[in-house]
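15 is the number of the first residue of the sequence shown in this note's numbering; add one for each residue after it.
One thing to keep in mind: the hints can contain errors.
Calculated pairs, EDC-like style, for lysine to aspartate or glutamate (alpha carbon to alpha carbon, straight line, at most 20 Å) [said to hold, decoys possible]: (1) LYS232 - GLU98; (2) LYS149 - GLU128; (3) LYS116 - GLU128; (4) LYS232 - GLU220; (5) LYS168 - GLU179; (6) LYS194 - GLU293; (7) LYS138 - GLU152; (8) LYS232 - GLU293; (9) LYS207 - GLU179; (10) LYS138 - GLU148; (11) LYS207 - GLU98; (12) LYS207 - GLU197; (13) LYS84 - GLU279.
Note that these hints are calculated values from the structure, not bench results.
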Amino acid sequence: MAMKPVRIIFGLLGGVILLSAAYLGLGEPPREVETIAVERGDLELVIRVTGEVINDRQVALTALVDGQVKRVETALGARVRAGEVVAAMDNRAAEANRQRAKAYLQQQDVHRREELMRYRRLQKLAAKGAVSTEKLEEAKLNWEAASAAWEVAKADLSLTDVAREWQQVRAPFDAVVIGKSTEVGQWVEAGTKLFTLVSLARWEIEAHVDAVDSGRVKTGQAVVVRCDAFPGREWRSSVSWIGPSVEREKDKRLNTFRVRLGLGEAPPPLLLGQQVDLEIAVARRDGVLRLPFAALQERDEQIEVALIEAGRVHYQAIETGLEGDTHVEVKQGLEEGVRVVRLDGESLDPGLRVNARIEP
Numbered sequence: 015m016a017m018k019p020v021r022i023i024f025g026l027l028g029g030v031i032l033l034s035a036a037y038l039g040l041g042e043p044p045r046e047v048e049t050i051a052v053e054r055g056d057l058e059l060v061i062r063v064t065g066e067v068i069n070d071r072q073v074a075l076t077a078l079v080d081g082q083v084k085r086v087e088t089a090l091g092a093r094v095r096a097g098e099v100v101a102a103m104d105n106r107a108a109e110a111n112r113q114r115a116k117a118y119l120q121q122q123d124v125h126r127r128e129e130l131m132r133y134r135r136l137q138k139l140a141a142k143g144a145v146s147t148e149k150l151e152e153a154k155l156n157w158e159a160a161s162a163a164w165e166v167a168k169a170d171l172s173l174t175d176v177a178r179e180w181q182q183v184r185a186p187f188d189a190v191v192i193g194k195s196t197e198v199g200q201w202v203e204a205g206t207k208l209f210t211l212v213s214l215a216r217w218e219i220e221a222h223v224d225a226v227d228s229g230r231v232k233t234g235q236a237v238v239v240r241c242d243a244f245p246g247r248e249w250r251s252s253v254s255w256i257g258p259s260v261e262r263e264k265d266k267r268l269n270t271f272r273v274r275l276g277l278g279e280a281p282p283p284l285l286l287g288q289q290v291d292l293e294i295a296v297a298r299r300d301g302v303l304r305l306p307f308a309a310l311q312e313r314d315e316q317i318e319v320a321l322i323e324a325g326r327v328h329y330q331a332i333e334t335g336l337e338g339d340t341h342v343e344v345k346q347g348l349e350e351g352v353r354v355v356r357l358d359g360e361s362l363d364p365g366l367r368v369n370a371r372i373e374p
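Start from the sequences and build out the full structure, keeping to the hints where you can.
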């Protein structure tokens with residue numbers, strides 16, 4: 015009977031030992047985890063958006079006069095030079111008006127000369143007292159009226175030159191024809207659109223960026239450009255213009271601002287309206303301590319990493335900085351070369367027994 019208390023005591027001690035072993039994980043083998051070293055490297059924060067090839071310098075060429083289209087000198091997709099005739103109207107009426115105005119000018123010139131000669135002749139006679147002052151004044155007025163009529167005839171001839179020029183439709187600058195809506199023989203009224211041209215110069219890329227990033231995007235920032243039409247090819251440009259205001263898209267509930275950049279260095283032959291993918295580098299830091307996001311976890315509004323001390327998991331808070339695509343800057347809390355556990359979003363219990371599997 016005296017042995018019963020001793021058995022009870024040993025039983026209690028055994029239970030305590032088993033519970034302690036279970037708590038400390040002595041009953042299970044250590045868990046194998048991957049570790050990553052804090053390293054130095056470069057970090058870049060980029061904003062990814064889709065852009066479109068644009069050109070603000072577009073013009074609709076219209077007929078300047080009523081008439082029939084006599085010639086069409088260009089085609090859709092053709093390139094034209096500044097001043098080149100792209101279409102011409104039937105100018106027979108305009109040419110006839112010019113010939114009439116030219117003949118009238120010659121008539122008025124003859125009349126002006128006759129009146130001038132008469133006035134000068136009367137001046138000589140008046141000096142001898144052979145002609146009255148009234149006659150001389152009348153001759154002067156007739157000469158001045160003839161001169162005025164001659165000036166009007168000159169202006170009328172100039173107007174016919176303008177009218178004749180208006181029979182031809184010319185390209186205002188070096189351009190490519192992106193729209194054509196006329197044919198030979200078509201009767202058109204003044205103001206009818208015949209062609210749409212876009213300048214060969216000043217092609218740009220425009221993108222709409224989330225207004226949240228308005229404080230990050232600056233002119234001069236480097237941009238990497240890609241296009242699905244040219245797989246495997248990328249080229250560089252830079253931000254050249256930032257829109258002055260935020261544009262609201264009510265249907266999508268988006269606030270954006272416009273950004274523009276040149277086509278870049280040695281771009282492929284892009285088409286107007288073609289879409290491109292942009293990566294705007296808004297921040298960059300070289301040679302900083304960094305870790306992949308897979309090594310971090312957030313708890314109680316702090317960023318933590320899992321360290322291994324004496325074979326067990328231990329968490330430590332760190333201060334982070336610039337975030338890239340896959341890595342984040344470590345500003346405080348860790349030194350270069352320290353190895354941390356790769357968590358991959360999993361939360362390991364503090365004190366868990368682990369074995370480190372070292373990965374490069």
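- [ ] Just pull the numbers of the violated hints for me, sorted ascending.
- [x] The structure breaks hints 1, 6 and 13; every other hint is satisfied.
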